[in-house]
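Which chain is which? The protein sequence lines are A and B, in order. This note's numbering numbers the first residue of the first sequence as 2 and each following residue consecutively. This note's numbering numbers the first residue of the second sequence as 30 and each following residue consecutively.
Where hints are given, some of them may not hold.
[Said to hold, decoys possible] For lysine-lysine, the following DSSO-like pairs were computed, each having C-alpha atoms within a straight-line distance of at most 27 Å:
(1) A:K365 <-> A:K253
(2) A:K27 <-> B:K181
(3) A:K153 <-> B:K55
(4) A:K27 <-> A:K265
(5) A:K27 <-> B:K197
(6) A:K230 <-> A:K316
[To be verified] If you anchor each label on the Cβ, the simulated ranges turn out as follows:
(7) A:G355 <-> B:P222: 52 to 60 Å
(8) B:E192 <-> A:Q182: 44 to 52 Å
(9) B:L330 <-> A:T156: 30 to 38 Å
(10) B:P211 <-> A:K253: 46 to 54 Å
(11) A:Q182 <-> B:E185: 40 to 48 Å
(12) B:H361 <-> A:G116: 42 to 50 Å
[To be verified] Some chain A residues well away from chain B (every beta-carbon gap over 10 Å; in silico):
(13) E50
(14) V51
(15) I126
(16) G233
(17) R276
(18) P324
Calculated directly from the structure, the hints in this document are not laboratory data. We put the beta carbon where it would ideally sit given N, CA and C, even for glycine.
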Amino acid sequence: MKFSYTHHMPYTHVEEAGQDWPVANKQFDPERGAELYREYIDNKVYAEEVGFDWIGCNEHHMSPYGLMPNPNLIAAAVIERTRTAGILQSGNIVPLTNPIRIAEEYAMLDVQSGGRLIAGFMRGIPHEYVAYNVAPDESYARMREACELILKCWTEPEPFGWEGEHYRFRAVSIWPRPVQQPHPPLVMSGTSRESATLAAELGATMGVLRLTSFDGARAMMDVYREVAKSDGWEPGPDHFMVGMGCCIADTKDEAVETMKSGQKYFFEVLGGGIRTAQRLVIQKTRYFEHEESRQNFPGLPSKVKQVPIEERIEKGLLLCGTPDMVIDQLRRVKAELGHGRMNLNIKIGNTPDGAVMTTLRHLKETVFPAVRDL
Amino acid sequence: MKFNYFHLMPWTDIEETDQDWPVANKRFVPDRATALYETYIDTMVYAEECGFDWIGCNEHHFSPYGLMSNCNLIGTVLIQRTRRARIAMFGNLVPLLNPIRVAEEYAMLDVMSGGRLIAGFMRGIPHEYVAYNIAPSESWERLEEASELILKAWTEPEPFGWEGKHYKYRAVSIWPRPIQQPHPPILMSASSPESARFAARHRAKMGMVMLTDLEAAKNCIRIYRETAREHGWEPGVDDILVGAHTCVAEDDEAARRHLGGGLDYFYHVLFGGPRTAQRLVIQKTRFYRDEANRKTLGARLAALRRTTIEERIDKGMVLCGTPDRVIEQVRHLHAELGHGVMNINMKIGNISDAAVRRSMKLWGEHVAPAVRDL
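Just chain A, same shape as in the assembly (with noise of 0.2 Å):
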């Protein structure tokens, strides 16, 4: 089994629950803003000396939720620092963004890094549309065309032109182009079957980013399999990679406290705002293509409750406990889905950085060894 780290980054100092949106930047103290960015680009870092094969950072805006407007940047910085890490970029959100712009800067992380980026192309979710002004009902449109766009910039040595329905460029050849050949990896997001199949189509690895249920996850990766058998590939378990919040303590009481703790603050602070953005921008949206995509959309205000942890652990559907239980749950779920990689969230909401390393040190030491060969 590979690992890899995803910290969104988010501020931790906000004190009232259930923000309008966009969160008011008042509420964000630049002082405070300064000493997270150190802390957390860190413990970025030291995600390399821990065992993790690929650290992640992904794009959110106007809210506290993500300090990454820009995750390029912060790749940039976590690249300096690192040497053999992969470097996952699970933003950008393509459709909201130049696809030239995004070919430019994921050759340079590339390039910069000696071949080491994994560059995900993401749809985002629906009110970062709004955040951007860009029509939710042409996401898929807009993310297949510039998709393809920005493989074409990788990929065609001399200057070509592009006349598409949402794209226009006279005369393309961007410098610098990326070191990975034919081009680097891709990670696409496999929560609905649109998307699930767009993966496949590119041969990217898919991330079910949320782990919700066995089922669900089950059924997007029937999805990918089915479209890769019809283009004539098989899919190996490293084009999987399933997303899980992850807790050790020293007893499961305390790894226990330490996330709900976390949870509460992101489910009533940062999930605030976020949940007024739904309210107002998809009661009625044409971001998704079918209803049963809408109907599954994790952030459907009337979907969104707070599942006691206790139930989600219980599901395997959370890696939470001492370190030995951790290992048994990671093996529940590799037996369930029979992939190759796992996303860790550890910094979940306002969880303490004392936690989050204690996390660290127990993956290191005791469950990493344990696991690498599923």
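Let chain A serve as the given structure and place chain B on it in line with the hints.
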């Protein structure tokens, strides 16, 4: 006097002088570029040690001229490895980008650096508009509106909407927001009377990165000061930045040899693609508000190509020679222009990195101490 160490990050391995534009990136060798980025970043970090007050990055596209398609990525790397120097962004090319994104990325840099950002709001050069497919005729309007929007995004603590001519957003409140209050210092280009007036109106620092004519420079500075006064403020010496290609060596002959070779590559090879682009794009363009400006630029570029190194030194357009010679040249420039920030560009074309380092060391040990109090 303060000093900015400016670096273009050029690609140094091209033989032919006459490229098309965009320059085909088959000429770019990614494996070699990894080492090149490392060398360039190390050099820029070393600038702090050599007593430079600012370290400058900039944005260029589709050519070997510069390998920073998003210079903010290099900005975060420098922040990781420096403690004191200001990070001066001579990109971003604001009219080509989403202004909200520029506000967000600059805020990240400002917070991460603990308030060391100098934020360039640049208009760029005509062919970059072709690269990103933005109408050059809209460049001034876009720069005007985008500048206003970015400042609003930095200073407004409550969410706001924006219904402009070029930019529209339903609700904005960026996370993070900058640490410097009321906002990071702004730098704008002022190489023409038009841009000098624009910079003064916006209370920005004015930059003439590459001096081509002392009388023209004096005129721009005069216009900048006058316009500032009309708008109720008085620029300080720190608000005026003037730049020159620089090479310091143990003897005049070596300095001339290094700089001469580098300039040759700079004007003939690196300018090859942009020259083609100028021909394609600005035969007829509305990038300039009047025809005179267009002709001036074309004539200036042609003249520059023909100028010899000796003429450049005589006219005070480059700083070149032993430390003592360069001290004299800096004093002369300062007496003529009265500027407070010197923009020093030492990696000219394919000048060797060893010669650049030597030049930086001599600058730090001999030149800077002698002219700092000017």
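Comparing the hints with the structure gives:
1. A:K365 <-> A:K253: 18 Å, holds
2. A:K27 <-> B:K181: 13 Å, holds
3. A:K153 <-> B:K55: 13 Å, holds
4. A:K27 <-> A:K265: Distance ~22 Å between K27 (chain A) and K265 (chain A) Cα, so the pair holds.
5. A:K27 <-> B:K197: Judged against 27 Å, a Cα distance of about 22 Å means the pair holds.
6. A:K230 <-> A:K316: 31 Å, violated
7. A:G355 <-> B:P222: 52 to 60 Å: 59 Å, holds
8. B:E192 <-> A:Q182: 44 to 52 Å: 46 Å, holds
9. B:L330 <-> A:T156: 30 to 38 Å: 34 Å, holds
10. B:P211 <-> A:K253: 46 to 54 Å: 50 Å, holds
11. A:Q182 <-> B:E185: 40 to 48 Å: Because 46 Å falls inside the window, the suggested range holds.
12. B:H361 <-> A:G116: 42 to 50 Å: At 48 Å between Cβs, range holds.
13. E50: 17 Å, holds
14. V51: Holds, since 20 Å exceeds 10 Å.
15. I126: Correct as stated: the minimum Cβ-Cβ distance to chain B is 16 Å, above 10 Å.
16. G233: Non-interface label on G233 (chain A) holds, nearest chain B Cβ at 29 Å vs cutoff 10 Å.
17. R276: Since the minimum Cβ distance to chain B is about 16 Å, R276 (chain A) lies beyond 10 Å and the statement holds.
18. P324: 32 Å, holds
Of the hints listed earlier, the one the structure fails to meet is number 6.
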